[in-house]
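Peer 1: Sequence:
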Amino acid sequence: MEQNTYSLETNNWINKGWEIRVTNFPPEIYFDFPTKTESVSLTGTACSLNCAHCGGHYLKGMTDIEGLELTSQLTHELSFSSALISGGCTQDGKVPFWNRLDLLHELKHRKVRMNFHVGLIDEKEIQLLKELADVVSFDFVGDEDTIREVYGLEHKVEDYIRVYQDLRKHVKLIPHLTLGLRGGIWSGEDKALDILEDLGLDGLVFNVFIPTPGTIYSHRTPPNLEEVVRFIAKARVRFPKNPLALGCMRPKGSYRQKLDEAAVASGINRIVIPTPKARQLVEEKRLIIKRGEECCAL
1 MEQNTYSLET NNWINKGWEI RVTNFPPEIY FDFPTKTESV SLTGTACSLN
51 CAHCGGHYLK GMTDIEGLEL TSQLTHELSF SSALISGGCT QDGKVPFWNR
101 LDLLHELKHR KVRMNFHVGL IDEKEIQLLK ELADVVSFDF VGDEDTIREV
151 YGLEHKVEDY IRVYQDLRKH VKLIPHLTLG LRGGIWSGED KALDILEDLG
201 LDGLVFNVFI PTPGTIYSHR TPPNLEEVVR FIAKARVRFP KNPLALGCMR
251 PKGSYRQKLD EAAVASGINR IVIPTPKARQ LVEEKRLIIK RGEECCAL
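Residue numbering for the sequence shown follows the working numbering, starting at 1 and increasing by one per position.
Please note: incorrect hints may appear among the correct ones.
[Said to hold, decoys possible] No more than 27 Å apart at the CA atoms, straight line, and that leaves these computed lysine-lysine pairs for BS3-like:
{"no.": "1", "residue 1": "K111", "residue 2": "K169"}
{"no.": "2", "residue 1": "K108", "residue 2": "K130"}
{"no.": "3", "residue 1": "K252", "residue 2": "K277"}
{"no.": "4", "residue 1": "K60", "residue 2": "K94"}
{"no.": "5", "residue 1": "K169", "residue 2": "K191"}
{"no.": "6", "residue 1": "K94", "residue 2": "K111"}
{"no.": "7", "residue 1": "K172", "residue 2": "K130"}
{"no.": "8", "residue 1": "K130", "residue 2": "K36"}
{"no.": "9", "residue 1": "K16", "residue 2": "K241"}
{"no.": "10", "residue 1": "K94", "residue 2": "K156"}
{"no.": "11", "residue 1": "K191", "residue 2": "K156"}
{"no.": "12", "residue 1": "K94", "residue 2": "K191"}
{"no.": "13", "residue 1": "K252", "residue 2": "K290"}
{"no.": "14", "residue 1": "K36", "residue 2": "K290"}
{"no.": "15", "residue 1": "K252", "residue 2": "K234"}
{"no.": "16", "residue 1": "K36", "residue 2": "K111"}
{"no.": "17", "residue 1": "K94", "residue 2": "K172"}
{"no.": "18", "residue 1": "K156", "residue 2": "K130"}
{"no.": "19", "residue 1": "K290", "residue 2": "K111"}
{"no.": "20", "residue 1": "K172", "residue 2": "K111"}
{"no.": "21", "residue 1": "K285", "residue 2": "K252"}
{"no.": "22", "residue 1": "K124", "residue 2": "K169"}
{"no.": "23", "residue 1": "K130", "residue 2": "K94"}
{"no.": "24", "residue 1": "K36", "residue 2": "K252"}
{"no.": "25", "residue 1": "K234", "residue 2": "K191"}
{"no.": "26", "residue 1": "K169", "residue 2": "K130"}
{"no.": "27", "residue 1": "K124", "residue 2": "K172"}
{"no.": "28", "residue 1": "K94", "residue 2": "K108"}
{"no.": "29", "residue 1": "K285", "residue 2": "K241"}
{"no.": "30", "residue 1": "K290", "residue 2": "K241"}
{"no.": "31", "residue 1": "K290", "residue 2": "K234"}
{"no.": "32", "residue 1": "K111", "residue 2": "K130"}
{"no.": "33", "residue 1": "K36", "residue 2": "K108"}
{"no.": "34", "residue 1": "K172", "residue 2": "K156"}
{"no.": "35", "residue 1": "K16", "residue 2": "K234"}
{"no.": "36", "residue 1": "K124", "residue 2": "K156"}
{"no.": "37", "residue 1": "K108", "residue 2": "K169"}
{"no.": "38", "residue 1": "K60", "residue 2": "K36"}
In case anyone wonders, no lab produced these hints; they're calculated from the structure.
I would like the entire structure built from these sequences, with the hints used as guidance.
Peer 2: What follows is the structure in structure tokens.
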């Protein structure tokens, strides 16, 4: 990695992050290429929220659960070993998985491992979920202006804390933190880490805001690359024994190339579909690559 790309402060954090990694983890890194995970939308392309960063765009790339039934895959050998169960939200910020318990239990019966996005569900719904979920990916937000502006919800940070705590009692839970979620603006990410440190966590996935065509934020830009790199490096130092991952949602092009490379240098444990330069740096640092074929949370 070109050290002169970043400021002295950022390079110092990157070096500290690498030292933490060497001290606390074996010399290996996970590269995930989730070809064995089927992304399933429980609501098709419908979502009641029309979130500023998504606008239903990413639902279009998922398999509609109705289509999954029409293909009759569940009566034959499956082409996938795991599933990301997600979909659009209700007006109160929940993914209504309980409407398709029949099919979800059938997937469980077929030994499909399931990673759920569920949103801000309550205790009753968690009781329905706990027998199904192998893991829950929970998007954590540490700022109420962001909750309101991005999701259009009147929920508080305390609501995210409550659901996080309730879920963690019953299921394996991996928080996800999207850097620059508020249209590329930093808004509550540090507070989110403060809260997660207090609550406890078994791992953490970082995503980075992507300006997406057709959304309210389509004209915005991703957060400053160096600031993202420094944030991840500082998180590595802050959570010396927790596995950290760079998730699938991050900008493409040179931004991604530089981010992936810096993430490796900072001591990240896992990257979804890494760029070639990141792979090259892994070889230079003599890390053993562990290749996965499922969603990183699994």
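Peer 1: Hints first: check each against the structure and report whether it holds.
Peer 2: The hints, checked one at a time:
1. K111 <-> K169: holds, 23 Å
2. K108 <-> K130: holds, 12 Å
3. K252 <-> K277: holds, 14 Å
4. K60 <-> K94: OK: K60 and K94 at ~19 Å, within 27 Å.
5. K169 <-> K191: Holds, at roughly 23 Å.
6. K94 <-> K111: holds, 25 Å
7. K172 <-> K130: Judged against 27 Å, a Cα distance of about 9 Å means the pair holds.
8. K130 <-> K36: Distance of about 23 Å is within 27 Å: holds.
9. K16 <-> K241: Holds, at about 14 Å.
10. K94 <-> K156: holds, 15 Å
11. K191 <-> K156: holds, 13 Å
12. K94 <-> K191: Between K94 and K191 the Cα gap is close to 23 Å, so the pair holds against 27 Å.
13. K252 <-> K290: holds, 23 Å
14. K36 <-> K290: holds, 16 Å
15. K252 <-> K234: With Cα atoms ~23 Å apart, K252 and K234 stay inside 27 Å; holds.
16. K36 <-> K111: holds, 13 Å
17. K94 <-> K172: Satisfied, since the Cα-Cα distance of roughly 19 Å is no more than 27 Å.
18. K156 <-> K130: Holds, at roughly 24 Å.
19. K290 <-> K111: Given pair K290, K111 holds - Cα atoms ~23 Å apart, limit 27 Å.
20. K172 <-> K111: holds, 17 Å
21. K285 <-> K252: Holds. K285 to K252 sits at ~24 Å (cutoff 27 Å).
22. K124 <-> K169: holds, 13 Å
23. K130 <-> K94: holds, 16 Å
24. K36 <-> K252: Given that 27 Å is the threshold and the Cα spacing comes to 22 Å, the pair holds.
25. K234 <-> K191: holds, 14 Å
26. K169 <-> K130: holds, 10 Å
27. K124 <-> K172: holds, 17 Å
28. K94 <-> K108: With a Cα-Cα distance of about 21 Å, the restraint between K94 and K108 holds, given a limit of 27 Å.
29. K285 <-> K241: Cα-Cα ~20 Å, so holds.
30. K290 <-> K241: holds, 19 Å
31. K290 <-> K234: This hinted pair holds, its Cα atoms lying about 24 Å apart.
32. K111 <-> K130: holds, 15 Å
33. K36 <-> K108: Status holds; Cα separation ~16 Å.
34. K172 <-> K156: holds, 23 Å
35. K16 <-> K234: holds, 8 Å
36. K124 <-> K156: Measuring from Cα to Cα gives roughly 20 Å; hence the hint holds.
37. K108 <-> K169: Given pair K108, K169 holds - Cα atoms ~21 Å apart, limit 27 Å.
38. K60 <-> K36: With Cα atoms ~19 Å apart, K60 and K36 stay inside 27 Å; holds.
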